[in-house]
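Take the sequences, apply the hints, and build the full model.
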Amino acid sequence: DQQVKQNSPSLSVQEGRISILNCDYTNSMFDYFLWYKKYPAEGPTFLISISSIKDKNEDGRFTVFLNKSAKHLSLHIVPSQPGDSAVYFCAASARSGTYKYIFGTGTRLKVLA
Amino acid sequence: DVKVTQSSRYLVKRTGEKVFLECVQDMDHENMFWYRQDPGLGLRLIYFSYDVKMKEKGDIPEGYSVSREKKERFSLILESASTNQTSMYLCASSSPGQMNTGELFFGEGSRLTVL
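Order-wise, the sequence lines are chains A and B. Start counting the first sequence at 38; every next residue gets the next number (this note's numbering). Start counting the second sequence at 49; every next residue gets the next number (this note's numbering).
Treat the hints with caution; some may be incorrect.
[Said to hold, decoys possible] Simulated crosslink set (BS3-like; lysine-lysine; CA at most 25 Å straight-line):
no. : chain 1 : residue 1 : chain 2 : residue 2
1   : A       : K91       : A       : K147
2   : A       : K74       : A       : K137
3   : A       : K137      : B       : K105
4   : B       : K105      : B       : K119
5   : B       : K101      : B       : K51
6   : B       : K118      : B       : K66
7   : A       : K93       : A       : K105
8   : A       : K42       : A       : K108
9   : B       : K119      : B       : K101
10  : A       : K137      : A       : K108
11  : B       : K105      : B       : K118
12  : A       : K74       : A       : K105
13  : B       : K119      : A       : K137
14  : B       : K66       : B       : K103
15  : A       : K42       : A       : K91
16  : A       : K42       : B       : K105
17  : B       : K118      : A       : K137
18  : B       : K101      : A       : K137
19  : B       : K51       : B       : K118
20  : A       : K137      : B       : K103
21  : B       : K61       : A       : K74
22  : B       : K51       : B       : K103
23  : B       : K51       : A       : K137
24  : A       : K91       : A       : K105
Rather than coming from a laboratory, the hints here were simulated on the basis of the structure.
This is the structure we're talking about:
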């Protein structure tokens with residue numbers, strides 16, 4: 038049973054436009070959410086996070102939105118750059134068990150020059 | 049610069065062999081983790097350790113064991129490798145304070161093929 042779902046396995050976006058990556062979760066106990074980026078042959082790197090007490094968090098070109106009632110979060114990248122081409126994973130955790138991050142299946146983003 | 053180093057980037061083993069995957073971190077982190085990444089399944093937690101000689105099962109511990117004799121080193125052991133353990137294995141570390149920011153630091157991964 039996949040508690041964290043990324044229903045789009047891939048996404049292509051033109052350079053300079055907005056990339057929107059989506060993530061849905063089922064467990065209402067999740068209260069902390071993260072996005073990781075992974076290049077081929079490298080380990081994932083932390084990108085941005087959001088706590089359930091917020092509905093938005095920004096860091097430069099990256100913004101994460103959280104809709105708790107819909108159990109949905111999204112990552113916006115504006116403007117998209119070719120170097121953003123990677124696999125993006127969302128992850129969720131419940132504070133009571135912060136060691137356990139449940140990862141989604143990933144979305145492969147391709148930014149076209 | 050923080051670093052998590054996995055000893056082997058690529059391994060090919062035969063069914064039934066004992067396999068050791070080594071991971072070393074230089075950040076003095078208390079927590080260390082082993083994940084496997086498979087297409088369509090994301091990253092799944094195998095085992096983690098929050099202190100030397102301490103270990104906890106993750107979501108898919110069957111067929112694996114771990115060892116943490118020193119703080120900086122966390123080993124994943126496949127006692128008898130099977131073909132369904134062919135995967136990308138990722139080691140990660142974090143400090144307890146960083147658990148609240150989600151910062152797991154990952155190694156580059158070890159791609160294991162079991163024939």
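Taking the hints in turn, this is what the structure says about them:
Proposed proximity of K91 of chain A and K147 of chain A is contradicted: the alpha carbons are some 29 Å apart, above 25 Å. Taking the CA atoms of K74 of chain A and K137 of chain A, the gap is about 18 Å. The hint holds against a cut of 25 Å. Our distance criterion of 25 Å between C-alpha atoms is met by K137 of chain A and K105 of chain B, whose separation comes to about 10 Å. Restraint check: the Cα-Cα separation between K105 of chain B and K119 of chain B comes to about 18 Å, which is no more than 25 Å; the hinted pair holds.
A hinted pair counts as satisfied when its Cα atoms are at most 25 Å apart, and K101 of chain B with K51 of chain B qualifies at roughly 22 Å. Between the alpha carbons of K118 of chain B and K66 of chain B the distance comes to roughly 21 Å, so the proposed pair stays at or under 25 Å and holds. With a C-alpha separation of about 11 Å, the suggested pair K93 of chain A and K105 of chain A falls inside the 25 Å cut-off, and the hint holds. Distance check on the hinted pair: K42 of chain A and K108 of chain A sit about 11 Å apart at the alpha-carbon level, within 25 Å; holds.
A threshold of 25 Å between alpha carbons decides the hint, and for K119 of chain B with K101 of chain B the separation of about 9 Å falls inside it, so the pair holds. Under the criterion of a C-alpha separation no larger than 25 Å, the hint pairing K137 of chain A with K108 of chain A is consistent with the structure, at around 18 Å. A threshold of 25 Å between alpha carbons decides the hint, and for K105 of chain B with K118 of chain B the separation of about 19 Å falls inside it, so the pair holds. Of the pairs offered as hints, the one joining K74 of chain A and K105 of chain A holds, with about 23 Å between alpha carbons and a cut-off of 25 Å not exceeded.
With a C-alpha separation of about 20 Å, the suggested pair K119 of chain B and K137 of chain A falls inside the 25 Å cut-off, and the hint holds. Our distance criterion of 25 Å between C-alpha atoms is met by K66 of chain B and K103 of chain B, whose separation comes to about 20 Å. Restraint check: the Cα-Cα separation between K42 of chain A and K91 of chain A comes to about 21 Å, which is no more than 25 Å; the hinted pair holds. Pair hint K42 of chain A plus K105 of chain B holds up; C-alpha atoms about 23 Å apart against a cutoff of 25 Å.
For the hint pairing K118 of chain B with K137 of chain A, the CA-to-CA distance comes to about 22 Å; that is within 25 Å, so the pair holds. Restraint check for K101 of chain B and K137 of chain A: the C-alpha separation of about 19 Å stays at or below 25 Å, so the hint holds. With a C-alpha separation of about 16 Å, the suggested pairing of K51 of chain B with K118 of chain B holds against the 25 Å cut-off. Restraint check for K137 of chain A and K103 of chain B: satisfied, since their Cα atoms lie roughly 13 Å apart, inside the 25 Å limit.
Our distance criterion of 25 Å between C-alpha atoms is broken by K61 of chain B and K74 of chain A, whose separation comes to about 29 Å. Distance check on the hinted pair: K51 of chain B and K103 of chain B sit about 22 Å apart at the alpha-carbon level, within 25 Å; holds. For the proposed pair K51 of chain B and K137 of chain A, the alpha carbon gap of about 21 Å is at most 25 Å, so the pair holds. Proposed proximity of K91 of chain A and K105 of chain A is supported: the alpha carbons are some 9 Å apart, at most 25 Å.
Consistency with the previously given hints fails for numbers 1 and 21, ordered from lowest to highest.
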